[in-house]
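Undergrad: Each chain, letter by letter, is given below.
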Amino acid sequence: MAAPGRAVPAGPGALHRRDRWWVYPTNVALWLSLFGAYSFWTIVFFQRDSYHQYLSPFYSPLIAAGRIPVSPALLIFWIPLGFRATCYYYRKAYYRAFFQDPPACAIREPRLAARLSPTGRGRRYRGETRLPFVLANLHRLFLYLAIAFVVIFVIDTVTAFSYHGHIGIGLGTALILVNTVALGLYTFSCHSLRHLIGGGLDCFSCAFAGRPRFQLWRLTSWLNLRHSTWAWISLTTVILTDLYIHLLQYGVVHDPHLGF
Amino acid sequence: MTRTNGPPAPPSPAAADAEDQSLRIAYDDGVTDRTATLRVWRGDAAGGAFVDYEVPVQEGMVVLDAVHWIQAHRAADLACRWNCKAGKCGSCSAEVNGRPALLCTTRVDAVTRPQDRVVVVQPMQTFPIIRDLVTDVSWNYEVNRRIQPFTPAPGERAPFVIAEPDITRVEEYRRCIECFLCQDVCHVLREHRGQDRFFGPRQLVRIASLELHPKDTADRLAQLRAEAGVGLCNITKCCTEVCPEHIRITDNAIIPLKERLADREFDPIRSLWRRLRPVPMASSIPAADERVAAPARPPG
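So the sequence lines, in the order shown, correspond to chains A and B. Counting in the numbering used here, the first sequence runs from 1 upward without gaps. Counting in the numbering used here, the second sequence runs from 261 upward without gaps.
It cannot be assumed that every hint is accurate.
Said to hold, decoys possible - Listed below are several chain A residues computed to face chain B (Cβ distance under 8 Å; list not exhaustive):
| hint | residue |
| --- | --- |
| 1 | Ala106 |
| 2 | Tyr125 |
| 3 | Tyr163 |
To be verified - Beta-carbon label-pair distances, calculated as ranges:
| hint | chain 1 | residue 1 | chain 2 | residue 2 | range |
| --- | --- | --- | --- | --- | --- |
| 4 | B | Gly415 | A | Val150 | 18 to 28 Å |
| 5 | A | Gln215 | B | Arg406 | 36 to 46 Å |
| 6 | A | Val44 | B | Arg406 | 44 to 54 Å |
| 7 | B | Asp456 | A | Leu138 | 27 to 37 Å |
To be verified - What the simulated footprint calls covered on chain B by chain A, stretch by stretch (three residues with Cβ under 8 Å from a Cβ of chain A suffice, anywhere in the stretch; the number is not a length):
| hint | segment |
| --- | --- |
| 8 | 432-443 |
| 9 | 473-479 |
| 10 | 489-502 |
Note that these hints are calculated values from the structure, not bench results. Even for Gly, the Cβ is constructed at its ideal location relative to N, Cα and C.
So that you can see chain A by itself, here it is in the shape it has in the complex (with noise of 0.2 Å):
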């Protein structure tokens, strides 16, 4: 039995949590790198849009670039990419794996992320309130194109139902309409759509048409409970959809099909 009244050090280790706090930001910040190295890399480099009728995520809407020796996915990335960025759950899972603002729950900040951290600048903590951080509050406008690209992904998975003048399901055609139901989940489960819908009323029943924009705030509000969920899910099947096509543009396999 230990003796009672013992002193143990107090060193700045004994201060901080002894679980496995770092598994969260260790994986985010793989995943996150390797999904940005890939869409870097299929962005970049890549010419070839589509095999047959699937089109890849990253070039939809297709926009033709005519004469610019760049690719048309560079065109539109930046409004999947702002926002993700700008997602309220995106927001915590990057200050916590690469900003290290916190690291996890009740953990101290290492010295050096403090001193080169944007949302620190030194030693004077600002958040979101100065550049380049409180542009996380355009999360809005981007929400608005979004809505615009989910629309446009429907279209496209219409559009991949269609096997030569015929209607047909291939697994291109399976891949990318899940896709579409995933990116569907993930921007309708975001927190400014639930503050458009109704989030912002103080009073449903005061308000024009209160009764279903409460039933909508009410759904919303449950799919809002998954949005992490949803934004893994949608940024995985946006890879693989990409990747499949990808695969087929160089024969690498051959799409599976039933053709009605």
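Position chain B against the provided structure of chain A, taking the given hints into account.
TA: Just chain B now, with coordinates in the frame of chain A:
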């Protein structure tokens, strides 16, 4: 108030023998056959250190039980604030193994490390230490007084008749027990010592409870941006993770407030709509962006 420098002196050999005897009685009576080492921070504002206490562990025992056992058998002068022992008064807030938690709802079994059976208990790091596990949380009440209180429209009198959809959101905020664990874990207050420019999650929940109330007419958005410093919150959701009442502080209080600010300052489409839309019908409840700024109460 009695203050001590550093940890208290260990008990005399005779006293230690008697305390060992009491622990043996707990074994002999069949109350328990397990022990854990509670590593408790002892000291005051001048300094202190961790002190190990071996305590018998029973089924269902919470950390506050273990602290009480130490007070009864090992260190009667161990300071710990508590009241209901039911997770409803918010008094016994501290940090267990480095995580902010209520001592009365944290089971010893759940937080004991299997390799050495140690549980680290320390006071909240964000607030000034009074003694041992007791901290001075009075700053929270001072900030609370600076928030414009509930302001119904002239002529509105309690009891209010409010439709259920309109009051649903506000009820969540009322679950707050003011344990201040969210304030403790918030890195703006804890790491960056932003008490002079940030109200903290608890007070943002209070502002949300007023701003979203269907019968409130005051406008706190200017205060929210300037004095309350809502822009300093970077949505890392630690406040939500530690809330013992499971209030979704970030999603349901802070983000809605940020969105209301975005309505006013960062959304040109909404601004245009506000200018072009037809004049709304008269209503006793103004919309959030139609409210008249009410003067904030003076600090203190």
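Undergrad: Look at each hint and say if it fits the structure.
TA: For each hint, the structure was consulted:
1. Ala106: OK, holds: Ala106 (chain A) within 8 Å of chain B, min 5 Å.
2. Tyr125: It holds, given that the least Cβ distance between Tyr125 (chain A) and chain B is near 4 Å, below 8 Å.
3. Tyr163: violated, 40 Å
4. B:Gly415 x A:Val150: 18 to 28 Å: violated, 46 Å
5. A:Gln215 x B:Arg406: 36 to 46 Å: Because 37 Å falls inside the window, the suggested range holds.
6. A:Val44 x B:Arg406: 44 to 54 Å: Holds, since Val44 (chain A) and Arg406 (chain B) (Cβ atoms, about 51 Å apart) stay within the stated range.
7. B:Asp456 x A:Leu138: 27 to 37 Å: holds, 28 Å
8. 432-443: It is violated, with 0 qualifying residues against the three required.
9. 473-479: holds (count 3)
10. 489-502: Coverage by chain A holds for the segment 489-502 of chain B (11 residues, Cβ < 8 Å).
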